[in-house]
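Novice: Those sequence lines, one after another, are chains H and S. Each residue of the first sequence is one higher than the one before, counting from 1 in my numbering. Each residue of the second sequence is one higher than the one before, counting from 1 in my numbering.
Hint data in this document are derived by calculation from the structure and do not stem from the laboratory. Virtual Cβ for every residue (Gly too), placed ideally from N, Cα, C. Certain hints may be false.
[Unchecked claim] Some chain S residues flagged as far from chain H (calculated, every beta-carbon gap over 10 angstroms):
#1 ASP100
#2 LYS187
#3 ALA202
#4 ASN518
#5 GLY581
[Said to hold, decoys possible] Interface residues of chain H toward chain S, partial, derived using beta-carbon atoms under 7 angstroms:
#6 HIS63
#7 ASP122
#8 ARG387
Number of protein chains: 2
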Amino acid sequence: MNDSGEKGAPRGATAPHEGSQERGRVRVVIENVTPRVDGGQFPIKRVIGEAVEVEADVFADGHDRVAAQLLHRHEQTSEWTSVPMQPLGNDRWRARFTVDTLGRYFYTVQGWVDHYATWQRDLARKRAAGQDVSVDLLRAQELQPQPDPAIVLEHDTVLQVTVDRERARFSSWYELFPRSASNIAGKHGTFRDCIARLPYIAEMGFDILYLPPIHPIGTSKRKGPNNASDARSGDPGSPWGIGGAEGGHKAIHPELGSLKDLQDLITAAQSRGMELALDIAFQCSPDHPYVREHPEWFRKRPDGTIQYAENPPKRYQDIYPFDFETDAWRALWEELCSVVEHWAEQGIRIFRVDNPHTKPFGLWQWLIARIKRAYPETIFLSEAFTRPKVMYRLAKVGFTQSYTYFAWRNTRAEIESYFTELTQTPVREFFRPNLWPNTPDILPEHLQFGGRPAFVARAALAATLGASYGIYGPAFELLEHEAREPGSEEYRDSEKYQLRHWDLKRPDSLKDFLARLNRIRRDNRALQSDWSLRFHATDNELLVCYSKSTEDRSNIVLAVVNLDPRFPQSGWLTLDLAALGLDPDTSYQVHDLLSGARFLWRGARNYIALDPHHSPAHVFVVRHRARTEKDFDYFL
Amino acid sequence: MNDSGEKGAPRGATAPHEGSQERGRVRVVIENVTPRVDGGQFPIKRVIGEAVEVEADVFADGHDRVAAQLLHRHEQTSEWTSVPMQPLGNDRWRARFTVDTLGRYFYTVQGWVDHYATWQRDLARKRAAGQDVSVDLLRAQELQPQPDPAIVLEHDTVLQVTVDRERARFSSWYELFPRSASNIAGKHGTFRDCIARLPYIAEMGFDILYLPPIHPIGTSKRKGPNNASDARSGDPGSPWGIGGAEGGHKAIHPELGSLKDLQDLITAAQSRGMELALDIAFQCSPDHPYVREHPEWFRKRPDGTIQYAENPPKRYQDIYPFDFETDAWRALWEELCSVVEHWAEQGIRIFRVDNPHTKPFGLWQWLIARIKRAYPETIFLSEAFTRPKVMYRLAKVGFTQSYTYFAWRNTRAEIESYFTELTQTPVREFFRPNLWPNTPDILPEHLQFGGRPAFVARAALAATLGASYGIYGPAFELLEHEAREPGSEEYRDSEKYQLRHWDLKRPDSLKDFLARLNRIRRDNRALQSDWSLRFHATDNELLVCYSKSTEDRSNIVLAVVNLDPRFPQSGWLTLDLAALGLDPDTSYQVHDLLSGARFLWRGARNYIALDPHHSPAHVFVVRHRARTEKDFDYFL
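So here's chain H without its partners, still in its complex pose (with noise of 0.2 angstroms):
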């Protein structure tokens, strides 16, 4: 076999005339192989355990049947596996395989004439039409049920699939800023301290516990709070005015504990079920031990000065970003993977990635593709806020989870285009989304102004359209709303430019909910992926409702939300029964995970009413039958 599978690139690249010249006995041919990212350039993606259902259309001239069969193999075996594919009519054919290894595999088709089964179809149908069939029989001699390899057909492209553990697909992740972890007001917080947060973290179901960067901070122009522009002494910097005396990208900022600290801190955390996440910003304050060792990776200005960052007319004068086109790349992508590197040898397998939109592509392909050769388990969340053709291509390129514009997608048509579009469209064979109401950049509008309701609606939202969800806390929990200014997202005294104090025991804290929430995540297989999601159609715009069904249809969820965080609004449900695999003609029961409380329903149309200030949402579990008189041992 021609595999050029090691390069996941499309391979053979003959003129099909040529092709045609030398291999002109082959009369099938394969098209539109599916599932497939731009022609094959990029790998679909799966967590062990999920299927690659691979169609194509296979047909040749004439009236001879055809064959057609999927090759797969991991990457780790030069052995394919072949599965005969089933027709589905109008030449379309489809197989699956199931993987069960971390890393690539590797899958193709393959298809030819089937001289034997067009022969045992013409005699039956001979015979059937009372033919003499006698020199028919004599071929049955020369015919083979293998085919000659002279007219088999191999598909020109091999195509990929990165295997990614299930956490890739189904994660719950809490971010904290480490300063303000300590107990005691205005006292920089510690790994320690992040140690002692462990408990109250796993109490609310978190798996990942991500942290903004560890890393020495400058001093240069650094920034004070509310993003001031003259830091007095005392204020701590932006955690992404990376590198100091102290070090770089691999060094731990003093403050923050030692690196045992953080060791310890990745193993508390293991031991309550959770995984930290680490930040990767590629990017230096201008006290980086970078920008004196490395000037030839920075860009000059005319005036001998190093560029600062800019989006004019803003200026970034704490960052220096680094100059990609630089003629010293290579060792500056290099560097810039031992970075990454170092932290998996500590023991990291998650990095959340600060702006990666703002480096090239072509760095994020090689990187990860060589961190993943060494730890597959690897998961890299790309933190892109941008346009939608960068975003996607991101994720293409291999970034495992990206964020999304979930936090500004409000309203039902809204809402359902975009999941729609990320869940039911071939975007998914490479975007994972991960949906966030807010991060330390990020407090919506909707949040400012919708108080609780609005945390609790868009917690519910977050928690059951993504299969991976995070929030930026104790902000979240605690309700934090006020902006910086008016018209601004940023948060007022944002822990970005500042130590907070947080009292993670006020009343009327979230922490309660997202336990519950987080628990309905874990109990409820149909919310740990995101390919089931179907919307429901409802008559007021201020509830949208949809569902998440297993394979099966063991586990069915459907989620009823007012997105409406003033008004109680009600309306009538009209939901798609056969999506979810229900009888019109027989009751089921709904049973809301939030509340308690249990429905039964019956059929397409049902009414739903929803205080905010009581609960915004519904959460049911969908229960194919109640129990009727029919269950009494009597009633036969």
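Given chain H, put chain S in place with the hints provided.
Specialist: Positioned in the frame of chain H, the structure of chain S alone reads:
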């Protein structure tokens, strides 16, 4: 430029991250270049004078401006012409070029980060914000409007256009059996009789005269009238039973005349603006010289006889198909190609190919490319009535025009969905439909039972829905409608097996109607292409309404057809005025080119009534503006 355009295949095929490793300074990416057939595996089609509008997603990381250009060249030059692409928003770019030479064009896209434009934009923003730009101005010296080649990305695929002459897009075919062209009943017609018939055909306005195979006809197993299995002496046999003692595919059936007669027919047709099309039917009668000279080109049955054509339980013992899986396939291909070359050398430039779907796709791709290299003006019409993907594949591999399912598309829903697929989806890039209401093999039930109104409606539909259409005459204009038996689409007493004598002067002939239709087609450029086709809503399912217009909307044709051959139908149209470029508040005139009637309409909703026994169709030309009082000199 790494140009594998000569092969029309994806070039490069470099693994993405390997490419990145080699060209790490390239930050731009190019995705989703259109138009493109199967990832660039096949050429798109155009005729001389048409535009290729190329779009691509071009973007880079970060905030920098990018630029993109389209490159194109004709195959006969190695010089690329570049056209700057314009941004359409959402990272999409567009440019167009016009093709003006027969043969093949190549096109691709380049993109780069435009540092000069970025600098200009940023400078303007800084100035607008009142910032000091003195250092920025110094950068002007190091920046050049021309990009550094090291940061320019070429798309990894060179795409192809096949450029045909205009008749490939706009053609009116008339199929005629020369055997029945004699004015004397019972006498075998000749090419000379065809010459005598030319004025009749020219008066109807057809521009292609297509003759079924003109070769010697086998006598072994010859079929008699109505496909009787034993021909009587004197039965002429089927013209598709090719090959006899007098020769094979390069010979002329003696009863039709000589090669000189054929040459005269070609010349005489040309003098009347018509072009002769011949039939290519790659199959043999048992008497074909190939059977004796090249038994290796046929499949032997185990009893030593040659395998006749069959589709069990049907047998076609008068036909020997070629065995395209023969080891001698190269010689067979060469010989078949030489058949087409032979007739091309006689001046034939249009071939209607019989059942191409029973010969390998690879053969056609190779053969058509080879013929068109020598004779780029050649037109190949694919007579494939088979499954959709097979028909589309034949168009992809090179057929210029294709028969369609038109004969079986009778309801409004069928017509709208099928012709929307053909004209408004990427299918149109490679598939040029040719609409036949009848053929010698297809007398649709609609014509069997619909009477004259059905013939008129089907002709009007074919001639206005399709820039290319054809009829099998004189059966069509003489309303021939008797099937061989109930449930059959075969003509009774078909010319395929016997001579017919046609009364061309019958008063009910559709000759004048067809002449009017063809005149309308010639006079209205809107009808000479298919891409502008738009359907308009009607409130009566038996009325179908559609329009075609030139790109500048200087010519708009609006057709309304009553699909019911029995009863008058009326209803309201709701025209898509925007698609027609009509102002909703200004009157416009619709002028029925069939009846001569004129109507003044205003707005989208207009009433239509069509009595099929009077005329089942309107073919309106739309005149943008009716005269009003404002047209008088004294009005102002």
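Novice: Decide, hint by hint, whether the structure agrees.
Specialist: Consistency of the hints with the structure:
no. : hint   : verdict
1   : ASP100 : holds, 25 angstroms
2   : LYS187 : holds, 38 angstroms
3   : ALA202 : holds, 37 angstroms
4   : ASN518 : holds, 35 angstroms
5   : GLY581 : holds, 30 angstroms
6   : HIS63  : holds, 5 angstroms
7   : ASP122 : holds, 4 angstroms
8   : ARG387 : holds, 6 angstroms
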